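There are 2 protein chains.
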Amino acid sequence: MKYFMEPKSVAIIGISRKSGPGSYNLMENMMNYGYTCEIFPINPKAKDILGVKAYPSVKDVGRAIDLAIVSLPRDLVLDSVKESIDAGVKAIIVVTQGFADADARGKALQQEMVNAARNNGVRILGPNTLGIVNNFNRFTTSFMPLTREKAPVGLICQSGIFFVGASVFTGQIGKGIDIGNACDIGFCEALEYMGDDPEIKIVAIHMEGLEQTRRFLTLAGRIAKQKPIVVFKTGQSEAGAKAAASHSGAMAGHYQIHKSALKQAGVLFLDADGQMRDAVKALLNQPPMKGGRIAVITPTGAGGIMASDTLEKQGLELAPFSEKTIRRIANLSPEWMPLGNPLDIWPAVMRYGLKDVYAEAVDAVLDDPNVDGILCLGIAPELPDFAFLDASEDVNKVVPKERQKPVVGWLYGPNAREIRERFEKEEKVTVFQTIEKAAWSLSLLRERDKCLEKTSEQNA
Amino acid sequence: MKYFMEPKSVAIIGISRKSGPGSYNLMENMMNYGYTCEIFPINPKAKDILGVKAYPSVKDVGRAIDLAIVSLPRDLVLDSVKESIDAGVKAIIVVTQGFADADARGKALQQEMVNAARNNGVRILGPNTLGIVNNFNRFTTSFMPLTREKAPVGLICQSGIFFVGASVFTGQIGKGIDIGNACDIGFCEALEYMGDDPEIKIVAIHMEGLEQTRRFLTLAGRIAKQKPIVVFKTGQSEAGAKAAASHSGAMAGHYQIHKSALKQAGVLFLDADGQMRDAVKALLNQPPMKGGRIAVITPTGAGGIMASDTLEKQGLELAPFSEKTIRRIANLSPEWMPLGNPLDIWPAVMRYGLKDVYAEAVDAVLDDPNVDGILCLGIAPELPDFAFLDASEDVNKVVPKERQKPVVGWLYGPNAREIRERFEKEEKVTVFQTIEKAAWSLSLLRERDKCLEKTSEQNA
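So the protein sequences, as listed, match chains A and B. With the first letter of the first sequence counted as 1, position 77 gets the number 84 in this note's numbering; the numbers rise by one all the way through. With the first letter of the second sequence counted as 1, position 7 gets the number 14 in this note's numbering; the numbers rise by one all the way through.
One should not assume that every hint holds.
One copy or two, either will do: identical chains are not told apart, so a pair holds if it fits within one copy or between any two.
[As the list claims (entries may be wrong)] BS3-like mimics (lysine-lysine), calculated; alpha carbons at most 27 angstroms apart, straight line: (1) K320 with K89; (2) K60 with K97; (3) K266 with K408; (4) K331 with K249; (5) K320 with K288; (6) K270 with K320; (7) K461 with K234; (8) K461 with K297; (9) K60 with K270; (10) K266 with K320; (11) K97 with K15; (12) K249 with K320; (13) K25 with K362.
Hints are computed from structural coordinates only; laboratory data are not their basis. For clarity, every value in this text was computed on a predicted model and none was experimentally measured.
Could you build the full structure based on these sequences and the hints that come with them?
Next up, the structure:
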């Protein structure tokens, strides 16, 4: 994978002289992105492209080339791949669509391409791919612009939608591999690279179809001990599976079988779009959860009820508080207030103010041996007039950075975005958009812990 | 309800001389909000409050008073209610907590309060409530600040969380009634008011427990013919029901029985927090959907697969396109491209540009008799460089304002917020945060149509 992710020299075959808006010029995008390798545009009709000397053919470059990127009409691709192989190129990305994702002729062309590469020890990524993004060396083969953060998130996908839509899908991305039709480089090679990469702390996977299942499961089992692997498998339905066949040419296989096999290997498995972003947030910022007993702290009774409902749905339970915890809160509350879990702190808040009461409650349940995880419902008030209802700073003060219990939150009020940022600033509390998502993230952290427990038992 | 929603004269009992941040001074909030009624602060220790002449008792005002708002420690509430009744007040809001939501003594106090009111033809809202918000006459009894739009959304709830968190819960709110413990004014009175109010186009309800079930169902059946009623019922779980008892003192009852009875009456029923906002958006902006056959238009094959999966989960199906529709798209696509539903337009986009192709596709499926609703997946590109990938204006041009088919969307890319606003500007296309939510909203519009169909059959 090194020649794909960190090439020293790159030939760009089929690069147009057009650039600017609407040209989808991947060389232009690569240059904007801040690449540091040597690049050789290949175009028989151009002397130079974007100020870089062009060559009529990859054979004419006369230099060792790590990576060739082929972006030509499909009928010209095979010859270009063969030429690249002859020229000693070590790795090839085929961007072009219309192979196993299309018709019988496309399938045959793809097979010929693979045969040519395999006979010569050359690897192919694609076809039907945006290729690579590597924010750690500012290299990309995408013709669409991407964000540039050095996030510890490794993304493996079968569609450029997840590169372009990274902010929607994973929220952040440090390195990405779009395996497209996966004619040669597939999930195994990509996962192995991400798994062994010390810059990457979590691997997020969009999967349409999985081949080499046994190899993948063994690999996933090994890597999941070091870092979480999260899979969003599409083609769950009959209609979806049919659509997958004509997208990346993948056989979606039987969803439930995939699901149980992957979960067995320690993979965290998602059911719906929108979950990956929450999963990444939770797993990067919160510890695995050692049990299923949750403390709910809330300035609203109605929110406490909603939390109770959704925790039960997620297979979690309300922690039975220790006497010490109850005593600490009782000291702040009016006598008539029934105290329990969910812990409705509003009557105490009316007496002593939200900040102190909230911090005291969080401190109490962090210290309570009956509690495995904490769900905080909070107010996101108008600022600056109602800043006294923003508990973010006070809660952050009592939550230690190193700890065994996840602390997640949900906010209601007119200022949810800003108060969320204040809560998350110290990477101790992670805030979600709904109570359902917050509870779901706790169940995911529980699952992550179970996976690590199983591993350590197997090693014991 | 008129005395609660549009009072001409209001006594505020138990109003503190403290004001400003942290005082929760409801009179101050009422004044900031822009009230237009007469107000009479009642406080035996003050000559005036916030510049308004104060009275020692409600009896001393010597004027007809529509509404009294009582915010006193719970042991003083009953006497104050009785005094208000004696003074001829027509409606009373009890803000104070600690009644049926607390202990046996609280329950007894609440019952005495109700008895006193009923014997004298006075109505009580609460206790344990923020009361009223009415953005159409700028009146509120909430001590927390609220947004002020004249939105056509009527909210009925059992907790102030939904007033304060309206932007999170319903997204918008025009009028709101927090029935709190619902000792007298309950869901029936509130629903009747919202149902008959021409300013209100949709009624959003947060429900912990429902009494007078039969009356409510009859009323809901009548009102649902005119406008959608959406219920989010909490206390679904055993733990949640227990928490509800100690919140508003409500008996949550059996969730599944409530659910089927309410649905039978034509109410749209939600399962999770976060759905109300999407429901309101969909029902306000899109027509009921006449059937379950959906056209998916997508510039990404992977997105099409995700859409197929989630439509099936929502009980919808992929429309079998007419030959005419296929022909119109085939004219734009390369020969090798398999055409169907989901309709992957990317190969056509590479030839003719996204804007024209997207508009042509939407126009074709709008015209297709085999299609009942349209799900558009779109790109939210970097601006201004990639503005040519923003199809919002072109799609809005081909979607008529009056139509029978809902058009919903989902966006991926770095600029989702701005492109969403562009799509939604003309209130023709409604964009959701995930494909799942977009598909869910279509199923809700289908349900809304079924409810109207049933009604018209009954009337036939």
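Hint check:
With identical chains, the CA atoms of K320 and K89 are never at most 27 angstroms apart, being 55 angstroms at best within one copy and 45 angstroms at best between copies. Only within a single protomer do K60 and K97 lie at most 27 angstroms apart by alpha-carbon distance; the minimum there is 22 angstroms, versus 88 angstroms between protomers. Taking identical chains as interchangeable, the C-alpha atoms of K266 and K408 are never at most 27 angstroms apart, the minima being 34 angstroms within one chain and 43 angstroms between chains. Taking the shortest alpha-carbon separations for K331 and K249, only the inter-copy value of 22 angstroms comes in at or below 27 angstroms, while the best intra-copy value is 58 angstroms.
For the identical chains of this complex, K320 and K288 are neighbours both inside a copy (21 angstroms) and across copies (26 angstroms), given an alpha-carbon limit of 27 angstroms. Taking CA atoms no more than 27 angstroms apart as the test, K270 paired with K320 passes in both settings, with 20 angstroms inside one copy and 21 angstroms between copies. Taking the shortest alpha-carbon separations for K461 and K234, only the intra-copy value of 14 angstroms comes in at or below 27 angstroms, while the best inter-copy value is 54 angstroms. For a Cα distance limit of 27 angstroms, the shortest separation of K461 from K297 inside one copy, 12 angstroms, qualifies, whereas the shortest one across copies, 51 angstroms, does not.
In this assembly of identical chains, K60 and K270 lie within 27 angstroms of each other by CA distance neither inside one copy nor across copies; the values are 51 angstroms within and 70 angstroms between. In this homomeric assembly, K266 and K320 come within 27 angstroms of each other (Cα to Cα) both inside a single copy, at 20 angstroms, and across copies, at 17 angstroms. Only within a single protomer do K97 and K15 lie at most 27 angstroms apart by alpha-carbon distance; the minimum there is 11 angstroms, versus 83 angstroms between protomers. Taking the closest pair of Cα atoms, K249 and K320 come within 27 angstroms of each other only across two copies (16 angstroms); inside a single copy the shortest separation is 31 angstroms, beyond that limit.
For the homomeric pair K25 and K362, the shortest alpha-carbon distance between copies (20 angstroms) is at most 27 angstroms, but the shortest distance inside one copy (59 angstroms) is not.
Of the numbered hints stated above, those contradicted by the structure are hints 1, 3 and 9, listed in ascending order.
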